[in-house]
Structures are given as C-alpha cells and as structure tokens.
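Undergrad: Sequence:
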Amino acid sequence: MERYTVSKVVGKGSFGKAMLCKRRRDGKLCIIKQVDTARLGPRERREAQREAALLATMRHPNIVGYWESFLHGARGETLCIVMDYADGGDLYGYLKSRRGSPLPEERVLDWFVQITLALKHIHDRKILHRDLKSQNIFLTMSRVVKLGDFGIAKVLANTMDHARTAIGTPYYMSPEICQEKRYNHKSDMWSLGCVLYEMAALRHAFEGNDMRQLVAKICRGQPAPLPSRYSAALRALVAELLSKDAHARPGANAVLRQALVRDRIGGFLSQAQLQEEFSHTVLHGRVHDAVLPAAAAAAAAGGGSAMGAAAGTPGFVPPAGLAVDDRRAVAAAAALIARPAAAAR
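So the sequence shown is residues 1 to 345, counted in the UniProt record's numbering.
Each hint can be trusted.
Here are the simulated lysine-lysine pairs, DSS-like style, with alpha carbons at most 25 Å apart:
#1 K96 <-> K17
#2 K12 <-> K28
#3 K22 <-> K8
#4 K244 <-> K126
#5 K217 <-> K244
#6 K96 <-> K8
#7 K17 <-> K28
To be clear, the hints were calculated from the coordinates, so they are not data collected in a lab.
Please put together the full structure from these sequences, using the hints given.
TA: Here it is as structure tokens:
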C-alpha cells in the first residue's frame, strides 16, 4: 500500500472495503478493494482470489480495468485488488438521480450496447458474471460504461456447462435460478434485460412486497409496459431478454446482430478491437457475417473508437448476501412456483 494514498472509503462489506486511492507516482485515481482473507473460509478465499485472477485477464474498454493485486498486512492477510476508478459513479446511482426524468432512447441504447459488448467478451471466454445489476455497472464522465464486480463470476469448464449454485441479486435473478434449475450464460442475459428495462422505466422490472412475492412475479408475472416514448424495437428487445424460457432468450452475440444494436457497435470499439472481438469463434458458433462489416463501417464513419441447481436438488443455496429470512423465502417461493396457485397476481 505504500505506493498509494487513501482518499476515502467508498464501500464496505462483510469481509472488506473499497477505497478511492491515489497512486503516488503520478496522482492517478484508482479503486482498491481490500479483502480480509483471515476472516474468510476456504471457499470465500478462493472467490476473492478468483476475482483478482479474472480481472487480470479482462482487457476490454467496457470492463473495469485491472491494475494489480498484492497481499498487505503484518501477516499478508489482506488481499488488495487495484482497479480503474470510474469517475461517473454507478448506473444505479445515476438512474436514481434522474428523479423520474426519462433517459433519451439514444442514451439507453448507447449504454446498453456497451454493457452487451462487455458481456459478450466474458461469455466468449466461458465466464458468467452472475451478479449483473445497475450497481455493478460503472460510468465515466465521458459516458463510457464499464462492467465491474466479478466477485462471484464463474469460469465454466465448458461453454455448455450449467452452474449449480444460486447467486445473484434478487431483483435481477432469472426464473431458472429462482426455480433451482440449471443455468448458464442465458441467466446473465435475463439480468441484462432487467437492466435495460430499468434504464427505460427507471424502476425494477419485477418488484414485490417480500421475497416470496418477488420470486413469484419473476417466474410468473410480466413487467409493466415500458413508456410509449420508446420504440417498438426497444420494447421487443426487452421482451426477448425477459423470456421465461432461457432457450428462447438471445445470447450476447444474437443481441449484437440486431439492427437496433449492430450499427452502434463501431462507436465504442476501435478497428483493432472490432477484429479481436468479432473475428474469432465465439460461444455456440461464429458471429454472423453481418456484424463485423456493419460495425466496422460505423467505426469508420465515426472516426474509430468513441472512447443451477437441478430442480429439487438438496442443498440449494439461495442468493448470497440476503438476510436469513429472505434466503428462506427464496427457497419457499421456489417450491411454490411448482404449484398452480396464482401467487404472482
């Protein structure tokens, strides 16, 4: 830590904190996440180490940049992860600051494209984020969007593997996670749909008075219609991403092929980045031929870069970070979903 000075604490958790710091040699601001590994069990310690390892492999303009990681403290018990500082705060805070004032569709789509590009990057590398939400999406003053907080991301041994634990934030949990089913990258896409809805409606897609009602609405209910100011194409995209059937949900590459999205890609990736991201074999096959030429044309025109568990499985683990009563409610609600009762009304 001698290379950095601490400006202020910007977040605290059960096992650590995040601090805004300044690098001594050049005064550049950064975020240092400190994790007290001495208080962690073996599993949590591995998760902290995994986040550092994952961040070190991520090199993308729409993913929070990794600087370094090191051990600190008298016995080296504190893991420090140093990463970029996003000077525009997080998306959740920004949307809340709007106080009901709607975002223009152009800005919604620009931010959505950047989030989707970040998801494509990690999904192509067999990684699930597993906690995509507006609080984990960061902004810069130049309106570049960066995906962060890979603390519970999972590297899949195979792209078709299905994760077997329920982790995530309740408002953004997919139906398959709520119902204790197997899940894969399509659950991240559900969360992406929730974020897109949130940017347009300035509220969560699914809400409930308690955890049981929330889970029931996610599994059976439908979100309120988006405001009519948004295009039919955007509303249709939200509906696709929030399909209850995970198989019917588009992946990141399929979303990026849509005309509403495709022509914007070149505004956020350089020519070299376009080639890197779109010219190789990706999850479940090759990118459609239309994506790269259209994105490259947009980049040229713009002058380059603008910037679960199987159902009924014993030992199902409700999302981390919930209160004990909420964790019980998720499990109870999951059991209710299998019944014909109209719990989502």
